[in-house]
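Assemble chains U and A with the ligand onto chain E, guided by the hints.
So the protein sequences, as listed, match chains E, U and A. Throughout the first sequence, residue numbering follows numbering that gives the first Met the number 0, covering 0 to 349 in sequence. Throughout the second sequence, residue numbering follows numbering that gives the first Met the number 0, covering 0 to 386 in sequence. Throughout the third sequence, residue numbering follows numbering that gives the first Met the number 0, covering 0 to 162 in sequence.
Derived from the structure by calculation, the hints contain no laboratory data. Do not take every clue at face value.
[Unchecked claim] Just so you have them, the derived chain A footprint on chain U, three or more residues with Cβ under 8 Å:
1) 145 to 154
2) 187 to 198
3) 237 to 248
[To be verified] Straight line, CA to CA, 20 Å or less: simulated EDC-like cross-link-like pairs of lysine to aspartate or glutamate:
4) 382/U / 354/U
5) 386/U / 148/E
6) 256/E / 106/U
7) 159/A / 300/U
[Unchecked claim] Just a few of them, taken from the derived set where beta-carbon distance is under 7 Å, the chain E residues facing chain U:
8) 66
9) 71
10) 75
11) 92
12) 202
13) 232
14) 338
15) 348
Remember, it's a predicted structure, so these values are computed and weren't measured experimentally. Positions of the beta carbon are idealized from the N, C-alpha and C atoms, including for glycine.
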Amino acid sequence: MRDVAVVSFAQSATRRDQTRNEVEILLPVLREAMAPTGLTTHDIGFTCSGSSDYLAGQAFAFVSALDAVGPWPPIQESHVEMDGAWALYEAWVRLQHGDIDTALVYAFGKSSPGDVARVLSLQLDPYVTGPLWPDAISLAALQARAFLEAGHDEKDLARVVARSRRNAVGNPHAQLSGDIDEATLLDEPLYADPLRMHDCPPISDGAAVVVLAAGDKARELCERPAWIRGIDHRIDVQALGSRDLSQSASTRLAGEKAGVGGRADLAELHAPFSHQELIVAEALGLDETATSINPSGGALASNPVMVAGLVRIGEAARRLSAGEGERAVAHATSGPALQQNLVCVLEATS
Amino acid sequence: MSGQLAAVLGTGQTKHVAKRDDVSIAGLVREAADRALEDAGLTYADIDAVVIGKAPDMFEGVMMPELYLAEALGAIGKPLIRVHTAGSVGGSTAIVATHLVQAGVHERVLTVAFEKQSESNAMWALSIKIPFSQPLVAGAGGYFAPIIRGYIRKADAPLDTGFQVVLKDRLNALKNPYAHLHQPDISMEQIIESPLLWDPIRYAETCPSSDGAAAMVIGSERAADASSRPVAWIHGTAVRSEPTMGAGRDRVNPHAGRDCAKAVYAEAGITDPFREIDCAEIYVPFSWFEPMWLENLGFAEEGTGWKMVHDGTTALDGDLPINMSGGVLSSNPIGASGMIRFLEVANQVRGTAGEHQVDGARKALGHAYGGGSQFFAMWVVGKDKPK
Amino acid sequence: MTAEPITGIVTPIRLDYTYTPGTSPSQFLRGMKEGRILGRRCPSCAKVYVPPRGGCPMCGVEFAEEVRVADTGTLVTFAVVNVNFANRVIDLPYVSGEVRFDGSDTTSMVLVQGIPVDQVRMGMRVKAHWLPRDEWDFTFANIDYVEPLDEPDADYESYKEFV
Ligand SMILES: [Zn+2]
Numbered sequence: 000m001r002d003v004a005v006v007s008f009a010q011s012a013t014r015r016d017q018t019r020n021e022v023e024i025l026l027p028v029l030r031e032a033m034a035p036t037g038l039t040t041h042d043i044g045f046t047c048s049g050s051s052d053y054l055a056g057q058a059f060a061f062v063s064a065l066d067a068v069g070p071w072p073p074i075q076e077s078h079v080e081m082d083g084a085w086a087l088y089e090a091w092v093r094l095q096h097g098d099i100d101t102a103l104v105y106a107f108g109k110s111s112p113g114d115v116a117r118v119l120s121l122q123l124d125p126y127v128t129g130p131l132w133p134d135a136i137s138l139a140a141l142q143a144r145a146f147l148e149a150g151h152d153e154k155d156l157a158r159v160v161a162r163s164r165r166n167a168v169g170n171p172h173a174q175l176s177g178d179i180d181e182a183t184l185l186d187e188p189l190y191a192d193p194l195r196m197h198d199c200p201p202i203s204d205g206a207a208v209v210v211l212a213a214g215d216k217a218r219e220l221c222e223r224p225a226w227i228r229g230i231d232h233r234i235d236v237q238a239l240g241s242r243d244l245s246q247s248a249s250t251r252l253a254g255e256k257a258g259v260g261g262r263a264d265l266a267e268l269h270a271p272f273s274h275q276e277l278i279v280a281e282a283l284g285l286d287e288t289a290t291s292i293n294p295s296g297g298a299l300a301s302n303p304v305m306v307a308g309l310v311r312i313g314e315a316a317r318r319l320s321a322g323e324g325e326r327a328v329a330h331a332t333s334g335p336a337l338q339q340n341l342v343c344v345l346e347a348t349s
Numbered sequence: 000m001s002g003q004l005a006a007v008l009g010t011g012q013t014k015h016v017a018k019r020d021d022v023s024i025a026g027l028v029r030e031a032a033d034r035a036l037e038d039a040g041l042t043y044a045d046i047d048a049v050v051i052g053k054a055p056d057m058f059e060g061v062m063m064p065e066l067y068l069a070e071a072l073g074a075i076g077k078p079l080i081r082v083h084t085a086g087s088v089g090g091s092t093a094i095v096a097t098h099l100v101q102a103g104v105h106e107r108v109l110t111v112a113f114e115k116q117s118e119s120n121a122m123w124a125l126s127i128k129i130p131f132s133q134p135l136v137a138g139a140g141g142y143f144a145p146i147i148r149g150y151i152r153k154a155d156a157p158l159d160t161g162f163q164v165v166l167k168d169r170l171n172a173l174k175n176p177y178a179h180l181h182q183p184d185i186s187m188e189q190i191i192e193s194p195l196l197w198d199p200i201r202y203a204e205t206c207p208s209s210d211g212a213a214a215m216v217i218g219s220e221r222a223a224d225a226s227s228r229p230v231a232w233i234h235g236t237a238v239r240s241e242p243t244m245g246a247g248r249d250r251v252n253p254h255a256g257r258d259c260a261k262a263v264y265a266e267a268g269i270t271d272p273f274r275e276i277d278c279a280e281i282y283v284p285f286s287w288f289e290p291m292w293l294e295n296l297g298f299a300e301e302g303t304g305w306k307m308v309h310d311g312t313t314a315l316d317g318d319l320p321i322n323m324s325g326g327v328l329s330s331n332p333i334g335a336s337g338m339i340r341f342l343e344v345a346n347q348v349r350g351t352a353g354e355h356q357v358d359g360a361r362k363a364l365g366h367a368y369g370g371g372s373q374f375f376a377m378w379v380v381g382k383d384k385p386k
Numbered sequence: 000m001t002a003e004p005i006t007g008i009v010t011p012i013r014l015d016y017t018y019t020p021g022t023s024p025s026q027f028l029r030g031m032k033e034g035r036i037l038g039r040r041c042p043s044c045a046k047v048y049v050p051p052r053g054g055c056p057m058c059g060v061e062f063a064e065e066v067r068v069a070d071t072g073t074l075v076t077f078a079v080v081n082v083n084f085a086n087r088v089i090d091l092p093y094v095s096g097e098v099r100f101d102g103s104d105t106t107s108m109v110l111v112q113g114i115p116v117d118q119v120r121m122g123m124r125v126k127a128h129w130l131p132r133d134e135w136d137f138t139f140a141n142i143d144y145v146e147p148l149d150e151p152d153a154d155y156e157s158y159k160e161f162v
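With the rest of the complex left out, here is chain E:
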């Protein structure tokens, strides 16, 4: 495989945004990501984006978002109706052809216009489960129950949340941060038993942009590129009764294929719910004592839907490029209760 690296990354503040539309959120992020590379739209070989029409309740949301790129003269471009992490995967595949050296990846999403937990229940099969309208939080709670009953303790969940809040203190893009101890968290009331409010993600609007480059081009554009050493994604069956919710088989498989090998200085795991971080870390064979998990605070600190997975890759890469480590694992998830998972192994050396 051709060596491809993340050479630049930018993201927007992820608060509820009631003044700007998607294009307006995206424009400054695109500019910020492109600036350090010195590239313009016309230097980019391939552009790929990720988003979902249902977030904003409007068909073809991605069509107007493309305005932010300024695709004139026309560009080579594609779109996945998925988290932007999969757009990055498609761009990585495209770079393997060898005829282009750079790719632009972006994702955007506003969760605030609708009731996102309810919107996400439309992901379920439309004949049997969907009509019952189980919302995303209730489904996550079912999974958390299965996880706890498989031999875990709610203190583990509180530990994840406390760390997320602490780590997010240094992240200007996080919505939730602070120093809260585990005992205080466990004193909070249950929200969707066994989950408490803090075990669930905040409502976030946002955008993220990654610039990829191959080989020498990456070295030219970035002092310390974060090389993609392995990237893979897998999907599980959707029906909740057909899989062991306390584990993530697809994450485990994607991790093996991507070559995680249980080793990483840091890991950014896309776990919108506290128990999901533990499930994902376990599936990837990552140990908290050896690996810094979610140094950004992760999706519990800010969760722009359709963007948060790409942010994990961007955050991991940014930290490697800044010298915070030499090897990182980034993970993205999609679908109810961790149905689909992508794993990316990144490395940077001086």
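Same frame as chain E, now just chains U and A with the ligand:
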């Protein structure tokens, strides 16, 4: 060629109809996928990854339906990607699948596109009253009719050009068992007398609303060489996009379409498309788009595409047969329509198109477009392995 | 005993959304409330967009100055619509026109009235017909339709690039 060689190993589609109430969405896509695998002489176990495409999720009211469809498509434990590029999606989905093989990531990829319009209300999904937007909503025809009027003015085209296209496509559809509209008694009088919906577009000049799915298996050079079935070699692929509302954008002869055609011909080593391409399936949802795209694709000089309609060039027995299957004018499962174009030309060069086979077709163009004519996806397939 | 096949179920979906038009469109909508058509100029290519969305789609940059455009314009192309849509009840047939308001570099889709349908033509000069002032709201719909101006038609070459 960019990347490694890739070929179409098998194709499958459903019989396109207004309402498939005997199958669920999963049943519909499974039917097309089963047929593609059978045609390729393969099983789900031979497939490394699945790429799905469809038009907006709001059509069926399922958000990211690929999640629910993963099981029906044998994708459990495999990589699955969902593409959405508006109306061009069927084409761009096939291209993403091709890229996975050309990149050397996979040996065999199953690609599927569908729309089950009867389980939804596409007109509603496209006409949701969004606050702050321009209030006049008149459906897709309301958007495209003024562009067609623009073409007629610019090209000074005879007003019956559109009728000729419909008559040709609907007659071609009679030779295609999968086509939605089978109108054995179709006549020029019938077309001319059909209601004028969005002047200059008459009812007969519009596409139907269909339930349908299409699927293909794309394989590597090794997989193609090992196949005992006829294969279609992929000589070139290209995608291009431009802004929907850009000031001064030519919507009659879009820049992105011209660039996309140039790119796909260059990759396929084609210098004279009219001579070198034996037949094409192009995305014509309203009759007048045939002459418009003939120009955009470089088959005709600007302003002269309509002449090829009138002189029979694009007929099944003409010099450049267009939409041998009956085209989008005869079947329109929106998300699948682009893939059907790609699939039909693959069958042409494989020699498996059946009654609407063009004799001796060796090189063919598949074309899809979407949105307000700003997204394009194309491929050129050939009987022979690219040099 | 064989049961009747189930050929379909109806599952109503209701989702409520609160839209945010965005900064540039908000400015446009405030203009409409006051009976003015406000576009914005791209600092890079100098084109004026009506209504402006996020930024100039040709250049990928945020808009700069606000530009008031006229409520007169040229009908560059149109469709005669003979089919009605659920959310709009207008007497058929009606003309859906694409109008380039004077001073704008984009076209807007608006209803054309005040002239028999079979006399509508490309290049016709038109003027916005506004709803009564007390009905003005933050919406493009304040322009109820455009109607012919008593002026000679525009020369084809002058609006060709907008067709
Ligand atoms: Zn501009």
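Now for the hints, and whether the structure bears them out:
1. 145 to 154: holds (count 6)
2. 187 to 198: Per the Cβ count (5), the hint holds.
3. 237 to 248: As far as the stretch 237 to 248 of chain U goes, the hint holds, because 7 residues have Cβ atoms under 8 Å from chain A.
4. 382/U / 354/U: holds (18 Å)
5. 386/U / 148/E: violated (60 Å)
6. 256/E / 106/U: holds (16 Å)
7. 159/A / 300/U: Holds: residue 159/A and residue 300/U sit about 19 Å apart, inside 20 Å.
8. 66: holds (6 Å)
9. 71: holds (6 Å)
10. 75: Status holds, d = 6 Å.
11. 92: holds (5 Å)
12. 202: violated (17 Å)
13. 232: The hint holds - residue 232/E has a Cβ within 7 Å of chain U, the shortest such distance being about 5 Å.
14. 338: holds (6 Å)
15. 348: Result: violated, 25 Å to nearest chain U Cβ.
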